[in-house]
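Novice: Each chain, written out:
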Amino acid sequence: MDKQIKLVAKHTFFTRLKKKSFWWVLFGPVALIVFSAAIGWGVSVFSSNKTADVAVVAPAEVRTAIKENQKHLNIQVKSEKTESSAKKSLNKGELDGVLIINNDKGTILTQPKSNSIDTDKLKSFLSKQILADKAAKYNLTSQQIADLKNPFSLSSKVVDKNEKKDSEAADAVKQILTMAIGILVFIIVSTYSSIIGNEIANEKSSRIMETLLAASSAKAQYFGKILGVSYLLLTQLVLYGIAGGIIAVVGQKMAITKMVFSYLTALTPGFWFFTLAFVIISTASYLILAAIAASLVNDQSQISQAMTPVTLIAMVPYIVAISSSSAGAGNNAFIQVLSYIPLMGQSIMPSQLANHYATWWQASLSLVLAVLFFAFLLHFGLKLYKKNVLSYSEENISKQLLASFLPEKWLKRKK
Amino acid sequence: MITISKLNKAFGDHQAVSDLSVSIKPGEVLGLIGQNGAGKTTTFRMILNFIEADSGSITWNGQPLTEKERHKIGFLPEERGLYQKESIEDQVLYLAELHGMNKAEAKEALTDWMNKLQVVGKASDLVQTLSKGNAQKIQMILALIFKPDFIILDEPFSGLDLVNAGLFMDTIKELKEQGAMIIFSSHNMDNVTEISDQLVMLKQGRTVLQGPVQEIRESFGRIRLYVEAPDFSTADYSAMAGVNRVEKQGAGYLLYLDKEEAGKAIFDKVTAKGYIPAFSQQPPTLAEIFKTEVASHG
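Protein chains in written order, with my numbering: chain A, 35 to 449; chain B, 4 to 301.
Calculated directly from the structure, the hints in this document are not laboratory data.
Since the structure is predicted, the reported quantities are computational estimates derived from the model, not experimental observations.
Just so you know, not all the hints are guaranteed correct.
[As the list claims (entries may be wrong)] Calculated lysine-lysine pairs in the BS3-like style (CA-CA distance at most 30 Å, straight line):
| hint | chain 1 | residue 1 | chain 2 | residue 2 |
| --- | --- | --- | --- | --- |
| 1 | A | Lys84 | A | Lys40 |
| 2 | A | Lys253 | B | Lys75 |
| 3 | B | Lys88 | A | Lys54 |
| 4 | B | Lys71 | A | Lys44 |
| 5 | B | Lys75 | A | Lys44 |
| 6 | A | Lys420 | B | Lys176 |
| 7 | B | Lys88 | A | Lys53 |
| 8 | B | Lys150 | A | Lys420 |
| 9 | B | Lys88 | A | Lys52 |
| 10 | A | Lys253 | B | Lys88 |
| 11 | B | Lys176 | B | Lys9 |
| 12 | B | Lys110 | A | Lys37 |
| 13 | A | Lys44 | B | Lys150 |
| 14 | B | Lys106 | A | Lys52 |
| 15 | B | Lys88 | B | Lys119 |
| 16 | B | Lys75 | A | Lys417 |
| 17 | A | Lys421 | B | Lys71 |
| 18 | B | Lys71 | A | Lys37 |
| 19 | A | Lys44 | B | Lys294 |
| 20 | B | Lys106 | A | Lys54 |
| 21 | B | Lys106 | B | Lys71 |
| 22 | A | Lys40 | B | Lys110 |
| 23 | B | Lys88 | A | Lys40 |
| 24 | B | Lys119 | A | Lys420 |
| 25 | B | Lys179 | B | Lys294 |
| 26 | A | Lys421 | B | Lys75 |
| 27 | A | Lys421 | B | Lys9 |
| 28 | B | Lys206 | B | Lys272 |
| 29 | B | Lys150 | A | Lys253 |
| 30 | A | Lys40 | B | Lys71 |
Sequences and hints are given; from them, build the entire structure.
Specialist: This is the structure:
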């Protein structure tokens, strides 16, 4: 590699590493996770999770059966002699619910401050109970009644001859991963685009760019900065990897650790390779876009304006990833098309792959397109960087950015 | 030797540099003067390949300037800029390394240069703590630390007090003696006159004056006459043949003549009664020539 590119990369890397802002980037997501977990824990601790007190107004045998199963149904059956007295107690807030059963029909009354009652569980129990009562009336044996009460078993399984393990990964895991990848890519892209943007904007606004270009070249500065910021990303990923390894070893018996690792190991190494490749290629592409946009600013105050188009582009796959995490959404033609588009595919294709809306060769095609686009952007970006980095224009940055992508001949003709 | 030949650059309809041809030999200083927007910085930027010339060539010892050679050019830009939150040492060493210098060697040279240019502060100080003058000295060190053979200084004296401008002048003279080729721009004509071997004046991109400074001045004739003669007033001088304008200057008068030859008759008149303390007939100063050229149309 060119010695000057190495020097610029090293300078970019160490300058940023010494800044507090990078350590915020490093610990920010961890702090966010810890903070979210703490809030979740706080909510669960302080939320009311008492067993609901329910009065049952029903034939004696039904009432007895419910009382015998109150623990399973997560309710406490309270004795109320009549429907009206039960309703009065409910109105006073002394009861959480009143269950009224007449023949095959039932009604559950609750009040706004009631503790929660699992009505699905209750409905299922009552259905079986009524079925058993009716079966008894038809003089069926207890064996026959038990057989009738036995529920139908339906398990979900996707058959995919290509990837057995991914096929068996739970839907919930896939949905979580789909969302997590979208969020993760968005965080990485917006953070590192902002870092490279600030780096270039700082040099432009401090007017040191001419000195730098006299000592090196636009090419060395461009590639060096992209490389230096990539080293920062790599540092973050490696540090997270080490932290993950330590947590895996130290907390291997903790339930939360087991759960997280069961999520991470639910999919194959192949899937993780594709995801990682997408994240790297797309982040690198966004870094170039950010470098191009930042090369247009006159001073630091314009950096957020310059980064807006880049963030907006990054928002699209993020929103799509979030909305496509629901079951079946990946079948949508719009989402399928987006999964092949560079700068978009990184957040969409991994989830398409995990959810079997795309095959391995389709994912490979999307990755190849992303790599080709990256190569084009890298080459084209150098030209734009070289052209813009020493120019200070008063024109609107978005207009300049758009004009940067148009051929010079076309612009001259327009003028 | 650096040879610039028929260099042209236009920005849209505006011709920034037109047919510029000049050469600089080792140990020679070229002063580039002109109003703001005359094309000086554009010329520097073309030499450094920041922008591409529309036509013409720039060669070093007959060979086109390559990227490698361009990094051997010491450059002080007009727009001063440093990493404000970095220490002097960190950024000087970084840029010296980019110019191909060894880090240890650069560290040693930085100490020497800081002493030489009398920078107030330590190498470990952050740039943002430096005064404007000291920051400019650091910028000058960045341009010179790697001992370049070719040096471009864009307005090196702007913003400096007389003492510091003198330090920079001495440095330029020293580098010249060591055989460096130096091209610089300045609005201070006294400095240009003092250190330039040759001069190029640009006006709207065109070369309007070119050559050794003294030769250019002489080409305008010795039309500037300073006289200290008792008993002669402004009215007396104004009435003399060939006198265009009279200005009181200190103990004497400064007369601007139509042509050089008028000086002899004036000398005879003011010395008719014998000794006078001062009679100095000189070509116009560079500042006067500059003003005349700027004011002239075409």
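Novice: Indicate, hint by hint, whether the structure satisfies it.
Specialist: Right, here's what the structure says about each hint:
Restraint check: the Cα-Cα separation between A:Lys84 and A:Lys40 comes to about 63 Å, which exceeds 30 Å; the hinted pair is violated. In summary, the hint linking A:Lys253 to B:Lys75 is supported, as the alpha carbons are separated by about 17 Å, within the 30 Å threshold. Distance restraint check for B:Lys88 and A:Lys54: the Cα-Cα separation of roughly 13 Å lies within the 30 Å cut-off, and the hinted pair is therefore satisfied. Taking the CA atoms of B:Lys71 and A:Lys44, the gap is near 21 Å; set against the 30 Å cutoff, the hint holds.
A threshold of 30 Å between alpha carbons decides the hint, and for B:Lys75 with A:Lys44 the separation of about 22 Å falls inside it, so the pair holds. Restraint check for A:Lys420 and B:Lys176: not satisfied, since their Cα atoms lie roughly 35 Å apart, outside the 30 Å limit. In summary, the hint linking B:Lys88 to A:Lys53 is supported, as the alpha carbons are separated by about 10 Å, within the 30 Å threshold. At roughly 27 Å between alpha-carbon atoms, B:Lys150 and A:Lys420 fall within 30 Å of each other, so this suggested pair holds.
Using a Cα cut-off of 30 Å, the hinted pair B:Lys88 and A:Lys52 holds, with the two alpha carbons roughly 11 Å apart. Annotation: proposed proximity of A:Lys253 to B:Lys88 holds, straight-line Cα distance about 25 Å (limit 30 Å). Using a Cα cut-off of 30 Å, the hinted pair B:Lys176 and B:Lys9 holds, with the two alpha carbons roughly 29 Å apart. Annotation: proposed proximity of B:Lys110 to A:Lys37 holds, straight-line Cα distance about 19 Å (limit 30 Å).
Only pairs whose Cα atoms come within 30 Å are accepted, and A:Lys44 paired with B:Lys150 is accepted, the gap being roughly 24 Å. In summary, the hint linking B:Lys106 to A:Lys52 is supported, as the alpha carbons are separated by about 20 Å, within the 30 Å threshold. Only pairs whose Cα atoms come within 30 Å are accepted, and B:Lys88 paired with B:Lys119 is accepted, the gap being roughly 24 Å. For the proposed pair B:Lys75 and A:Lys417, the alpha carbon gap of about 23 Å is at most 30 Å, so the pair holds.
The hinted pair formed by A:Lys421 and B:Lys71 meets the criterion: a straight-line CA distance of about 20 Å does not exceed 30 Å. Proposed proximity of B:Lys71 and A:Lys37 is supported: the alpha carbons are some 12 Å apart, at most 30 Å. Under the criterion of a C-alpha separation no larger than 30 Å, the hint pairing A:Lys44 with B:Lys294 is inconsistent with the structure, at around 50 Å. Between B:Lys106 and A:Lys54 the alpha-carbon distance is near 27 Å, which keeps this suggested pair within the 30 Å criterion.
Between B:Lys106 and B:Lys71 the CA atoms are separated by roughly 19 Å; this keeps the pair inside 30 Å, and the hint holds. A distance of roughly 20 Å separates the Cα atoms of A:Lys40 and B:Lys110; the hinted pair therefore holds under the 30 Å criterion. The suggested pairing of B:Lys88 with A:Lys40 holds, with an alpha-carbon distance near 22 Å, which does not exceed 30 Å. With a C-alpha separation of about 36 Å, the suggested pair B:Lys119 and A:Lys420 falls outside the 30 Å cut-off, and the hint is violated.
With a C-alpha separation of about 28 Å, the suggested pairing of B:Lys179 with B:Lys294 holds against the 30 Å cut-off. With a CA separation close to 22 Å, the supplied pair A:Lys421 and B:Lys75 stays within the 30 Å bound. Of the pairs offered as hints, the one joining A:Lys421 and B:Lys9 holds, with about 24 Å between alpha carbons and a cut-off of 30 Å not exceeded. Taken as a hint, the B:Lys206 and B:Lys272 pair is broken in the structure, with Cα atoms around 40 Å apart against an allowance of 30 Å.
As the CA atoms of B:Lys150 and A:Lys253 are separated by approximately 24 Å, the hinted pair is consistent with the 30 Å bound. Note on A:Lys40 and B:Lys71: the hinted pairing holds, with a Cα-Cα distance of about 16 Å set against a maximum of 30 Å.
When the structure is compared with the earlier hints, violations turn up for hints 1, 6, 19, 24, 28 and for no others.
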